[in-house]
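Here are the chains, one letter per residue:
2 protein chains.
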Amino acid sequence: MKHIIFIAISTLFSLNAAANRINNEPIKIIKPASGLNTDLVNLGKKLWFDPRLSKSNAISCNSCHNLATGGVDNLASSIGHQWTIGPINSPTVLNAELNFVQFWNGRAKNLKAQASGPIDNPKEMAFTHTLAVDTINSIPQYKKMFNQIFDSNEISIDEIATAIAEFEKTLRTPNAPFDLWLQGDETALNKIEKEGYALFKQKGCTSCHHGPLVGGTMYQKMGLVKPFETKNADIGRAAITGKESDKFLFKVPGLRNVALTYPYFHDGSIWDLKQAVTIMADIQLGQTLTDDESTKITKFLNTLTGEQPKIVLPQLPISTKNTPKPIML
Amino acid sequence: MKHIIFIAISTLFSLNAAANRINNEPIKIIKPASGLNTDLVNLGKKLWFDPRLSKSNAISCNSCHNLATGGVDNLASSIGHQWTIGPINSPTVLNAELNFVQFWNGRAKNLKAQASGPIDNPKEMAFTHTLAVDTINSIPQYKKMFNQIFDSNEISIDEIATAIAEFEKTLRTPNAPFDLWLQGDETALNKIEKEGYALFKQKGCTSCHHGPLVGGTMYQKMGLVKPFETKNADIGRAAITGKESDKFLFKVPGLRNVALTYPYFHDGSIWDLKQAVTIMADIQLGQTLTDDESTKITKFLNTLTGEQPKIVLPQLPISTKNTPKPIML
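Each protein sequence line maps, in turn, to chains A and B.
Under UniProt numbering, residue 329 is the last one in the first sequence; the count climbs by one each step, no gaps.
Under UniProt numbering, residue 329 is the last one in the second sequence; the count climbs by one each step, no gaps.
FYI, nobody ran anything at the bench for these hints, they're computed from the structure.
Any given hint could turn out to be false.
Remember, identical chains collapse to one label, so a pair may be satisfied in a single copy or spanning two.
Said to hold, decoys possible - Lysine-lysine pairs mimicking DSS-like chemistry, simulated, CA-CA at most 30 Å apart: (1) LYS325 to LYS274; (2) LYS226 to LYS321; (3) LYS321 to LYS194; (4) LYS203 to LYS321; (5) LYS221 to LYS321; (6) LYS194 to LYS221.
If we strip away everything but chain A, and leave its shape as in the complex, we get (with noise of 0.2 Å):
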């Protein structure tokens, strides 16, 4: 009976716990993705393999936001048509619907508002969305699925961009360590990784990377106490707003999966977790760290990483007579 009553008051007392990191902590657990269409999801997974998406016919979607890498590609920045490098850090998709707006300057509001944008893009998939409409659009099998699901007898670019975002919402990374503690299991997380996010919001980190995404909520601008040295030429959310104030404020990326998705920071410049930690905390918090503070709080945001996507390659459908001949320079 005794022993009852203690298991009892143990549960209530790791049932407490957890309510109460779930509702006080500044990071929030990542919830699977969930009310999605099926059928919209289905054909975006086609579409986000799909390279006839690019004037090349040679660059998907899934070739800079590879979900076999953490939904990045791992280089400093993306290579794009007639191997263009590109100008910034291609960010993870995983996870990416939390964002409050996406690409690092924030110029699309949401996850369909981004997705036209590379297809379009000369230094990536370098298409133009009328192209990219005709080649989709000479495919039957391509055209029945989105009849079906549109109803509409044009494909347009707007219902492409909405299929890809259907199914990016799917990329979700739920069950990391770290939710599986924030949801009362004591052993998810060890002593070190423990003592690693004490330290993670004791220095400050949390005021910008904080909610479900570690990050996602806020621009803030990269060298906020001591300058970033970088060779990058982006400005950030100045070239779009064209406020002075606004220059080198980027889009706080978010800390899921941040074990798989170097190189770091918009400029892809650091390759190594702990050395971005270090930087960080100078430039952004004006904080030195200590070799152990950031070892610690590196292994605490390794517990970041969650259960990744499983996606089964889709089959694509065959091109036509009609479809668009790849252009490849």
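Position chain B against the provided structure of chain A, taking the given hints into account.
Below, chain B alone, put in the same frame as chain A:
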């Protein structure tokens, strides 16, 4: 009772027909892969999708042999390092183990001998075998897998190629309508498709296109009866043997999944399958096909599309400080 006897006789008849077809038809069934080493397959699958086997870290085996599109890239010739346009059309990896030699000119005797070729080809992945080995060796999860499988401490390019080849051996496409028909299912082909197959034999196509791959058993001169007009500079088998008589000899490509593997011929110049059929009959067999004959043969060729391999995208192990950095330019 009469009814039962009738069923028994027709079953016997159909079993007999199936046995006859399997034994007597020049095209043989594609069987699913069997007897493979699962650990080696899983390792090979990761390597297959790993762009770190290329100098830029942007090109994987799957870039040019895309398993979402029939094991090819549907380009006249592939795009390699720094947007180099390759010299020849990328053949499919589906069922590729069944080819008597690998590459168009047969310079590799099997999949393993082939697999390491693109890695250090300056026009393809442009790496060196030494750097590829260093890369894989710098990644603990890979090191562990190699260790367990090969029981040695030193990863070699030979082991990398062995693993990739083992994965490729899984890429069979059984149960094409034609194979079901070969096995006695009368309804698997319609009247036109059966007529197409009869024409395929009658016109002499099976003299080269036979066996389980419907090809891949011999070399043949491209332009046997009339010269093949092409801008492609490849001289075929002669580049390997140095023999004048081997000029323009290429491995006869298999026609399995040919509906998916456009564009056609070693120069990738023809996008339409029916047109390819007409040209082949003309320049290889000296036969002028009617439009109706080309249509029927093409419809038969469409029945060679089998069940595509179900590929779950692997999660690639992360790089470390010791992993060589990508060299994009």
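Discussion item. At most 30 Å between alpha carbons: which applies to LYS203 and LYS321, within, between, both or neither?
Written reply: between (61 Å within a copy, 26 Å between copies)
Worksheet item: At most 30 Å between C-alpha atoms: does LYS221 with LYS321 qualify within a copy, between copies, both, or neither?
Response: between (51 Å within a copy, 28 Å between copies)
Item to complete: Have a look at LYS321 and LYS194 and pick one of within, between, both or neither, based on CA distance no larger than 30 Å.
Response: between (60 Å within a copy, 25 Å between copies)
Worksheet item: Between the shortest in-copy and the shortest cross-copy C-alpha distance, which are at most 30 Å for LYS226 and LYS321: within, between, both, or neither?
Response: Classified as between; 26 Å across copies, 58 Å inside a copy.
Fill in: Homo-oligomer pair classification [LYS274, LYS325; C-alpha up to 30 Å]
For LYS325 and LYS274, only the inter-copy Cα distance (17 Å) is at most 30 Å; the intra-copy one is 46 Å.
Worksheet item: From the Cα coordinates, with 30 Å as the cut-off, is the pair LYS194 and LYS221 best called within, between, both, or neither?
Response: within (28 Å within a copy, 69 Å between copies)
Hint check: no violations occur; every hint is consistent with the structure.
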